[in-house]
Amino acid sequence: MNAKKWDHVASGVIYTLVAAVILILVAILGYILFNGVPDISWHFLTSPAQSFSAGGGIRDQLFNSLYLLVLTIIVSLPIGLGAGIYLSEYASDNWFTDLIRTSVEVLSSLPSVVVGLFGYLLFVIKLNLGFSILSGAIALTFFNLPLLTRNIEESLRSVPNLQREAGMSLGLSNWKTTTKIILPAALPGILTGLILSAGRIFGEAAALIYTAGQSAPTVDYSNWNVFSATSFLNPMRPAETLAVHIWKVNTESVTPDANLISSASSAVLIIVILIFNLGARFLGNKLYKKITATK
Amino acid sequence: MDDIQKKLQTKSKATFQDYFGKGICYLCIGLIILLVTCILYFIASKGLATFTKDHVRVLDFLTKSNWNPGATDASGHPEVGALPMIVTSFSVTLLAALIATPFALGVAIFMAEFSSKRGSKILQPVIELLVGIPSVVYGFIGLTVVVPFIRNIFGGTGFGILSGTLVLFVMILPTITSLSVDSLKSVPLYYRQASLALGATRWQTIYKVILRAAVPGILTAIIFGMARAFGEALAVQMVIGNAALMPKNLISPASTLTSKLTTDIGNTVMGTLPNNALWSLALILLLMSLALNMLVKFIGKRGRF
Amino acid sequence: MKEYNLNESYITDIPEKKALSTKNLQVYYGDNHAIFDANMDFPRYKITALIGASGCGKSTFLRCLNRMNDKVARVDGNIMYRNVDINSPKINVYEVRQHIGMVFQRPNPFAKSIRENIIFPLRNTGIKSNDELEERLEQSLRGAALWDEVKDDLNKSALALSGGQQQRLCIARSIAMHPDVLLLDEPASALDPISTSKIEETLQILKKDYSIIIVTHNLQQASRISDYTAFLHLGHIVEYNSTANVFTKPKMQATDDYVSGNFG
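Protein chains in written order, with full-length UniProt numbering: chain A, 1 to 295; chain B, 1 to 305; chain C, 1 to 264.
Worth double-checking, as some hints may not be accurate.
As the list claims (entries may be wrong) - The calculated lysine-lysine pairs, modelled on DSS-like cross-linking and capped at a C-alpha distance of 25 Å, are:
1. Lys151/C to Lys128/C
2. Lys156/C to Lys289/A
3. Lys289/A to Lys180/A
4. Lys121/B to Lys290/A
5. Lys11/B to Lys90/C
6. Lys71/C to Lys13/B
Simulated from the structure, these hints should not be mistaken for lab results.
Extracted from the complex, chain A is given alone in its bound form (with noise of 0.2 Å):
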């Protein structure tokens, strides 16, 4: 008897704490959601930022956010590509292997502020490349390369090993059987990985505040001369993303409708991420169907 009331009084425990999370996460959403969706206007997503009045929006830091976000991709995936595949497919058991993986580890255990710490010293300082899309882009680029390796090392690995033999006794290179059969038969699963890494990369704040910078410049966005300093597509100025406008406005503005920014702001970031998260089921789903001919 004793044994069964235990289980009951368990039970009970553990659906309590269940229901304490979904609330909290109802209301965590609900608040933002709820707060921030009103104030969401095509005016606020249009206009520039205001530093001392009200009435300001968000124009150049959702296109900061994303421009960087598109530029991190392009320096990340290549590398993430090639060290994966090496991972999943050339390395053996040995002492290089593990330092690799090691370096990989610790490279994804490093706080983002420690991150951005580096990337501040060495492109902004040291290279002089100062406060500037680039500089984030590379600094977002370590912070995002760890996780995004593993995932492609995974998504490889997950690839049956007759696939890869198939390949050999057709006298293909091993490069040739990686690329041609290999990835497109992972494609689901790296794609998938990619577009959750990039909710991630689209929030982060704390790697850009000493590398992209703190300030969003006035562009022209019909410049579409890369090298021109006014240009929206200039990756040589620094530029304030949405998140790091939503920590900003908070600590350190005086713009007196900062509250109104921040949550309309963090409405359409969790909007944006809410939408890569299911982007992300919905595309590796359709794609796996589509490559493994099931309907």
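Starting from the structure of chain A, add chains B and C where the hints point.
For chains B and C alone, kept in the frame of chain A given last:
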């Protein structure tokens, strides 16, 4: 020698494809190793400058509680006691882990053992989403909800270790939960079947068999959660109060290593003592994350099925 | 299991031209010696079966013949193909595998269309003309007795085919490369009886143009389709002779016991 015999003995396009592919992979791998070495080297050399160049004693740095790197104390030593930041960082981390663990375990047991498919199907994506919420958003919620709430109940400013703890608790909850679920799920099914067949109740099975078997995995999960809490910068910085004082209680403004770094690094001049001292804080962060990393490896080696 | 004197063996000299021969072939997995001193010749345009109990090393032996064991095991000795020792480290293994094709136990078509499964590796060998590719596609699918079943859906995913069809596609993929030798590692063991008999029929036709070496644990299959049979036991080739002789007049006690079903 016929054509085929010759082909068998000479390098072909495929051979060079492989050289090429391997070359590219080595390049990427080399880049990562170079990068990690660079990070370790730069942070360490900068962080050690406080002790080598500015001759601050390591012991003073770790045990004194006056942080005012611009000034010197009565005996002429610069005031760079990092103890308040260290204590605060550890307090918020440990407290957050302490609160989060029971909740995370509860949810993990629910997801892994109570195994109603629908429950897991809903909870899983929700937890993943929670991991994905940016830390500034947590900071913002902390600032607008938690801080006023603490202020109303306990008085004071509301900024402090308690607010930091509460924010971190929510942030590390999903991390600990999802890793714990993995570790519970990896306990072989026959453990459960054997225990239930012996007449144990579900709770006895979970508590005496499954949780015990999953201890290494759960510990790893908690450590990962703590690593996240220890290294989190902005969310904490927004609610902790940022006063480099020894915390007297849980609701007085304090400062963690990360919050001190984010607030001050832009306001100091490269190469000066106040700047070097901040890099020393970064070095502590780095060493701590390495230590936690090693702890995870150690546990992973000891506890395998 | 009975102990046999594994130092004794009966290896016949074949009268046919040789497609492949091994000389003093040894295989080691780490410290584990898996194949002992294999010396045998495989005839051209015949089917040779490798039989033996599980773990006797027959698959290991087969995989050495086109260097598929390079990464997993250490292989010493010589494998002669066209008077070239293809086990030498200087040999271009990709070229070897184009001439000595392999079909595996479980069907492993690529996650591509049926057409691409065959055309993609061909293109890799440098064939560019579309006409030739299409010709080889049809020819190889006909060769594997699959053409009539798939000719209308060549652009469908190969993974949508049944297991037996997938395996025949894999055979087609191998023969499209126009290899000299075809290695088959228990190609029918994962298939139902109907698919199995289809594959056996296919092999009978294919042996006109290819030298075939097949690993099988199915003794009836070996006796039905093969011209020569080698019996392996614990890493040793115990007996190698014409199939009729191996099954009806085995020279060695171990062979006799195995083919009459006393162990394995």
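Hint-by-hint comparison with the structure:
| no. | hint | in the structure |
| --- | --- | --- |
| 1 | Lys151/C to Lys128/C | holds, 22 Å |
| 2 | Lys156/C to Lys289/A | holds, 13 Å |
| 3 | Lys289/A to Lys180/A | holds, 19 Å |
| 4 | Lys121/B to Lys290/A | holds, 23 Å |
| 5 | Lys11/B to Lys90/C | holds, 9 Å |
| 6 | Lys71/C to Lys13/B | holds, 21 Å |
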